[in-house]
Amino acid sequence: MDYPITIAISIAIYTILAASYNLVLGYGGLSTVAHPIFFAVGAYTAGLMAVDFPEIPAFVNVIAGMGTAVVVSVLLAGSSLRVSGDYLLIASLGFQLGLLQLIKNLEFTGGPGGLSAIPSTLVGPMRGPAFLAICGAAAVACVFVVRAIVNGPYGRAISAMRDEELAFTALGRNAMSMKIAIFAIGCGMAGGAGGLYAYYFQYVSPDQFDVLASAAILTMVVLGGMGTVYGPVVGAVLLLAIPQAITFLQLPPSIMAPMQGIIFTLLVLAFLFLRPAGILGTKGRPI
Amino acid sequence: MFEPIILAQILWTGIATAAPFVLLTVGFALTLKVTGLWNFAQSGQMAIAFYTMFYALNGLGLPLFAAVALGVVFTAGAAYLIEVCGLQVLRDRQSGNLTFFIFTLILSEFIIYVITLVFGTEPETLYRSILSPIDIVGGIAISDWDKTGIGMTAIGLIALYVFMRYSKEGQFLTAVADNARLAELYGISARRAYRVVAIVAALFIVAAMYLIGSHGWIVPNSPLELVLSAVIGTLLGGIGRVFAAAWASIFLALIQSFSILFIGSRWQNLLLYGFLFATIILFPRGVRMPRFRWAR
Amino acid sequence: MTEILRVEGLQKRFGGIVVSDNVHLTIASGEILGLIGPNGAGKTSLFNLISGVLKPDAGSIFLNGNQIDGAPLYKRARMGIARTWQNMLLFRTMTVLDNLLIGPRDYPGESIARLTFDRAAVRTAEAAMKDRALGILTRMGLEQTAGSLVVDLPFGQQKLIGLARTLMNDGDLLLLDEPMAGVEGAAYETMQRIVRQEAEAGRAVCVVEHNVSFIRDLCSRAVFMAQGKILQDGTVEELISSSVLTELYFGV
Chain A
13 MDYPITIAIS
23 IAIYTILAAS
33 YNLVLGYGGL
43 STVAHPIFFA
53 VGAYTAGLMA
63 VDFPEIPAFV
73 NVIAGMGTAV
83 VVSVLLAGSS
93 LRVSGDYLLI
103 ASLGFQLGLL
113 QLIKNLEFTG
123 GPGGLSAIPS
133 TLVGPMRGPA
143 FLAICGAAAV
153 ACVFVVRAIV
163 NGPYGRAISA
173 MRDEELAFTA
183 LGRNAMSMKI
193 AIFAIGCGMA
203 GGAGGLYAYY
213 FQYVSPDQFD
223 VLASAAILTM
233 VVLGGMGTVY
243 GPVVGAVLLL
253 AIPQAITFLQ
263 LPPSIMAPMQ
273 GIIFTLLVLA
283 FLFLRPAGIL
293 GTKGRPI
Chain B
78 MFEPIILAQI
88 LWTGIATAAP
98 FVLLTVGFAL
108 TLKVTGLWNF
118 AQSGQMAIAF
128 YTMFYALNGL
138 GLPLFAAVAL
148 GVVFTAGAAY
158 LIEVCGLQVL
168 RDRQSGNLTF
178 FIFTLILSEF
188 IIYVITLVFG
198 TEPETLYRSI
208 LSPIDIVGGI
218 AISDWDKTGI
228 GMTAIGLIAL
238 YVFMRYSKEG
248 QFLTAVADNA
258 RLAELYGISA
268 RRAYRVVAIV
278 AALFIVAAMY
288 LIGSHGWIVP
298 NSPLELVLSA
308 VIGTLLGGIG
318 RVFAAAWASI
328 FLALIQSFSI
338 LFIGSRWQNL
348 LLYGFLFATI
358 ILFPRGVRMP
368 RFRWAR
Chain C
0 MTEILRVEGL
10 QKRFGGIVVS
20 DNVHLTIASG
30 EILGLIGPNG
40 AGKTSLFNLI
50 SGVLKPDAGS
60 IFLNGNQIDG
70 APLYKRARMG
80 IARTWQNMLL
90 FRTMTVLDNL
100 LIGPRDYPGE
110 SIARLTFDRA
120 AVRTAEAAMK
130 DRALGILTRM
140 GLEQTAGSLV
150 VDLPFGQQKL
160 IGLARTLMND
170 GDLLLLDEPM
180 AGVEGAAYET
190 MQRIVRQEAE
200 AGRAVCVVEH
210 NVSFIRDLCS
220 RAVFMAQGKI
230 LQDGTVEELI
240 SSSVLTELYF
250 GV
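Note that the protein sequences, when read in sequence, are chains A, B and C. Just so we're aligned: the first sequence equals residues 13 to 299 in our numbering. Just so we're aligned: the second sequence equals residues 78 to 373 in our numbering. Just so we're aligned: the third sequence equals residues 0 to 251 in our numbering.
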């Protein structure tokens, strides 16, 4: 695999993740940390279908991944939102870890070792660029869908719901179904990204989707600017590009890996305290 | 298979193994009760506690009490700093729950990354051996570690109970837990309560990490899993109910231990999460959420 | 006059406190009913019960003859109950116009399905709603504030915007919770005028107020509540001249 192309594809996939997470978190105001689990659901669904049913075309599997992610997300949101928005935070964390544990214990998912040798539909030297084109288009589409949702009357309703949910409801809007809808859309997009991921990298394992992955996506959103349309794009680029910059320093891997982690976490902490609005955010937006 | 001796052994070992997790859960649940915060920064504190004691014992060759003292100083110190320079700042800004979550989680990760840089990723234990001398009492194997663990936990829980019920500081904690603004009207400082509970939790963390670290292997990432078991115990015990959380931890550990008789060991972890799942999806209303009433 | 709201035997308690004790009430179209009483009498709780924020322990509520006490908050709004809040609850990050545009009961732009597949309908509805909103603002003399952020307006105007938002619902029942609190001068006059106009248009209005002159100027009928009970129901003059009630109101 050509390295710069792989990076670019990763950026595209993570842009989808960050943008969809921002929709749920930054715009919808839904405190959830389980975004990677929907990424995982999409990846595993697409991957398993590709391995077990090779006749089915790839894009169907990716769509199936999205669909499964949507169903799972409605299950989570439907039950936990009934308690309160705050509860969703812990509930989503527990849900993510529980589901990952389940995946690790089941045979057909490949267990803790993961699902490998996912058949590739594209082969040959043009595989990389072709995937880049597909993932890039998907990323662009995702950002535009988010933009379309948050501008215009629906976005207005989302803002109102976030500002004063009680008044919003008393004006005739079903806040619960709106939250579930936003959640489902965001998680569905993450599921789609998962499908693309499974097909390109041809290997998925539970460790790729745990709490550290949650933190990574959260970092992208916070850094780029929560509640802005293009912030997640900036965040995804930064978070994937900075480690590459450090690679040039030729440090031994045992130093480099934690070093990258230290730089990210420091960046997030710095932004959290000094500029909570993120790079693209406007100051004064409540976080 | 179900002979009384075997059951008794499982019971004993189960409770002993649960001991450090009870300590962690209690620290976590107490913090949640008083501050209303799911303080994931405690996983960073767990890392600090273990590696400080590890370095003191193995790197500096200090005796045990000095190592533990050092552990307490660094962990409590970190807890205090986090509270004063981090959490209170966010509270003053009226930040939302998500900000606190991001802060506490990312801070823990930062601490863990630094520790990884310094100590590497090799599994470590406090002593060279994780085995401790065993007595056979009535046919049941009881190790020194078991006794230490259960003893420390029992003392810790009793001390906490006495502290919360009968000491002024402890009663202030309960007052702030119930209603911080109201407590302030009565002259009780919420900020002080938050700092006190940070230190109390740190003590429990040091005790727990000593137990875990002398009985098994720790890598820098271990605390992330440990804090999750604290979360599960807290959720199942009921938010705001510290001693119920302790019981929940014991209960969960026993379920896991006894389940060996029925299911393969690889499913044990899943059992834990199964409980969590069921609580979240089927009985969310059974979990009471605290109302966050920040005092300024 | 057609009956719009009927409340029968409404009961609600929180722990030891009874906020609603066997409350019976009717409001007809065109009526402006004043709801007065000391603090803690259960007036806002009654609004909460009628609008659907609270579920009653017992009793029934009828809107235009239909029983509604099973319906959740947002459905009752769609049936035509609109209310203001003591704390206004305006949407802080939005402009005046946007605040009003959240007002209408059912809005095509807020359904993802219709947004995607029927953009033309959304566009038409948006234009129509904007016209209505500007119309209401003009009636209040506030059309120039349309583009400002609500938080930038003076208090009295904010209260008027809160009322305007309620009017966008175009509902049959208006519940106004202390609309005049803290308001004086031009805003006061405007508020009175608008409420009178709405009643004349056929809506049923119920106003909770401590401002006795407002009640006297505006309300044909009033109801005195204390400790969750309705103690007297009659004309404003009757209530005001009752010494028993005055004592209750101002305390011992």
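One or more hints might be untrue.
Claimed, not checked - Rough simulated footprint, nothing fancy, chain A against chain C, three-plus residues with beta-carbon under 8 Å:
no.: 1; stretch: 75 to 89
no.: 2; stretch: 94 to 106
Said to hold, decoys possible - Restraint ranges, calculated between C-beta atoms of paired labels, are given here:
no.: 3; chain 1: A; residue 1: Pro69; chain 2: B; residue 2: Ile83; range: 48 to 58 Å
no.: 4; chain 1: A; residue 1: Met188; chain 2: B; residue 2: Gln165; range: 26 to 36 Å
no.: 5; chain 1: C; residue 1: Thr1; chain 2: A; residue 2: Met188; range: 53 to 63 Å
no.: 6; chain 1: C; residue 1: Asp151; chain 2: A; residue 2: Met188; range: 28 to 38 Å
no.: 7; chain 1: B; residue 1: Ile332; chain 2: A; residue 2: Pro255; range: 14 to 24 Å
no.: 8; chain 1: A; residue 1: Ile275; chain 2: B; residue 2: Asp169; range: 56 to 66 Å
no.: 9; chain 1: A; residue 1: Leu261; chain 2: C; residue 2: Gln143; range: 28 to 38 Å
Stated by the list, open to error - So the derived list for chain A, only partly shown, Cβ under 8 Å to chain C, looks like this:
no.: 10; residue: Gly90
no.: 11; residue: Leu93
no.: 12; residue: Arg94
no.: 13; residue: Asn163
no.: 14; residue: Pro165
no.: 15; residue: Ala169
no.: 16; residue: Ser171
no.: 17; residue: Asp175
no.: 18; residue: Leu178
no.: 19; residue: Ala179
no.: 20; residue: Ala182
no.: 21; residue: Gly184
no.: 22; residue: Arg185
no.: 23; residue: Asn186
It should be emphasised that the hints constitute simulated quantities derived from the structure, not laboratory data. Backbone N, C-alpha and C fix where the C-beta goes; we use that ideal spot for every residue, glycine too.
Against the structure, the hints:
For a cut-off of 8 Å, the count of residues in the stretch 75 to 89 of chain C with a CB near a CB of chain A stands at 7, and the three-residue condition holds. As drawn, the stretch 94 to 106 of chain C meets chain A at 9 residues by the rule of a beta-carbon pair under 8 Å; at three or more, the given contact holds. Take Pro69(A) and Ile83(B): their Cβ atoms lie about 56 Å apart, and the range 48 to 58 Å holds. Between Met188(A) and Gln165(B) the beta carbon distance is about 34 Å. The supplied range of 26 to 36 Å therefore holds.
Thr1(C) and Met188(A) have their C-beta atoms about 33 Å apart, which leaves the hinted 53 to 63 Å range violated. Hint check: Asp151(C) to Met188(A), Cβ distance near 31 Å, so the stated range 28 to 38 Å holds. One distance hint, 14 to 24 Å for the beta-carbon pair Ile332(B) and Pro255(A), is violated here, with the actual separation near 42 Å. The hinted range of 56 to 66 Å is not satisfied by Ile275(A) and Asp169(B), whose Cβ atoms lie roughly 28 Å apart.
At roughly 59 Å, the beta carbons of Leu261(A) and Gln143(C) sit outside the given window of 28 to 38 Å. Interface restraint check for Gly90(A): the shortest CB-CB distance to chain C comes to about 16 Å, outside 8 Å, so the restraint is violated. Taking 8 Å as the C-beta contact cut-off toward chain C, the hint placing Leu93(A) at the interface is violated, the least distance being around 14 Å. Given hint, Arg94(A) at the interface with chain C, is violated; its Cβ is 12 Å from that chain's nearest Cβ, farther than 8 Å.
Because the closest C-beta pair between Asn163(A) and chain C is about 11 Å apart, greater than 8 Å, the hint is violated. At its closest, the beta carbon of Pro165(A) sits 3 Å from a beta carbon of chain C; the interface hint therefore holds under the 8 Å criterion. Hint on Ala169(A) holds. Least Cβ distance to chain C is approximately 5 Å, under the 8 Å limit. At its closest, the beta carbon of Ser171(A) sits 6 Å from a beta carbon of chain C; the interface hint therefore holds under the 8 Å criterion.
With a least beta-carbon distance of about 4 Å to chain C, the hint placing Asp175(A) at the interface is held under the 8 Å criterion. Hint status for Leu178(A) relative to chain C: holds, with the closest Cβ pair at about 6 Å, below 8 Å. With a least beta-carbon distance of about 4 Å to chain C, the hint placing Ala179(A) at the interface is held under the 8 Å criterion. Against a cut-off of 8 Å between C-beta atoms, the interface hint on Ala182(A) holds, since the closest Cβ of chain C lies about 6 Å away.
Hint status for Gly184(A): holds, given a least beta-carbon distance of 4 Å to chain C, under 8 Å. For Arg185(A), the interface hint holds, since its Cβ comes within 8 Å of a Cβ in chain C; the closest pair sits about 6 Å apart. About 5 Å separates the beta-carbon of Asn186(A) from the nearest beta-carbon of chain C, less than 8 Å, and the hint is met.
Violated hints, listed in ascending order, are 5, 7, 8, 9, 10, 11, 12, 13; each of the other numbered hints is respected by the structure.
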